[in-house]
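J.: Sequence:
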Amino acid sequence: MESLNGHISEYTKQLKIGSIQKAYRGIMGFMSALKSDMESKYPGYTSSALYFGYMDMTYFAFTPLELKKKSLKIAIVYLHEENRIEAWLGGGNRKVQAEYIEKLRHRDIGSCKLSRVSPGVDSILEMEILKQPDFDHVEDLMQTIGSRTIAFAESVLSILDE
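According to the working numbering, the sequence shown is numbered sequentially starting from 7.
Quick caveat, the hints were computed from the structure, so don't treat them as lab data. Just so we're clear, the structure is a prediction, and the values are computed from it rather than from any experiment. Glycine is no exception: its CB is placed at the ideal position from the N, C-alpha and C atoms. Everything hinted at is true.
Calculated lysine-lysine pairs in the DSSO-like style (CA-CA distance at most 27 Å, straight line):
hint, residue 1, residue 2
1, 119, 137
2, 101, 76
3, 74, 41
4, 47, 75
5, 41, 75
6, 119, 74
7, 47, 76
8, 109, 74
9, 41, 28
10, 76, 109
11, 47, 74
Ranges between beta-carbon positions, derived for each pair:
hint, residue 1, residue 2, range
12, 38, 137, 20 to 30 Å
13, 75, 21, 37 to 47 Å
14, 18, 117, 33 to 43 Å
15, 42, 168, 27 to 37 Å
16, 102, 45, 23 to 33 Å
17, 29, 153, 19 to 29 Å
18, 160, 12, 41 to 51 Å
I would like the entire structure built from these sequences, with the hints used as guidance.
T.: This is the structure:
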């Protein structure tokens with residue numbers, strides 16, 4: 007097993023190069039701008055604070071009122087290691103999450119992935135929004151994420167109404 011000091015030494019070397027800080031700031035700035043953009047375009051949705059994470063995931067909740075009433079939320083998630091954006095359906099707590107995973111187990115969920123109840127799993131359903139997002143074209147990226155997230159939310163509402 008590698009030592010913490012060994013990891014910190016490598017971390018320090020990488021920080022001296024400077025790319026990690028620039029990329030991280032860029033991702034955080036983008037996610038913050040995306041949150042603001044979506045709040046202005048979709049006033050019928052409620053949003054949470056932006057969770058910066060530990061360089062694993064960064065996300066914010068962006069939820070239609072119908073889902074919020076059921077203690078559910080939609081999260082727009084950037085997965086750092088995969089460089090991928092996903093939309094997740096999550097529960098207000100672990101009990102709600104487990105109940106909905108069970109409810110959806112035998113339903114047609116289309117291209118969504120149904121999660122399993124286990125430690126560290128925060129989603130009920132997951133859908134890939136975009137692999138390898140192009141952060142050099144912010145407006146197009148925001149438009150794509152916004153429209154696909156809204157489509158995911160509408161799909162979730164439809165699945166739950168079955």
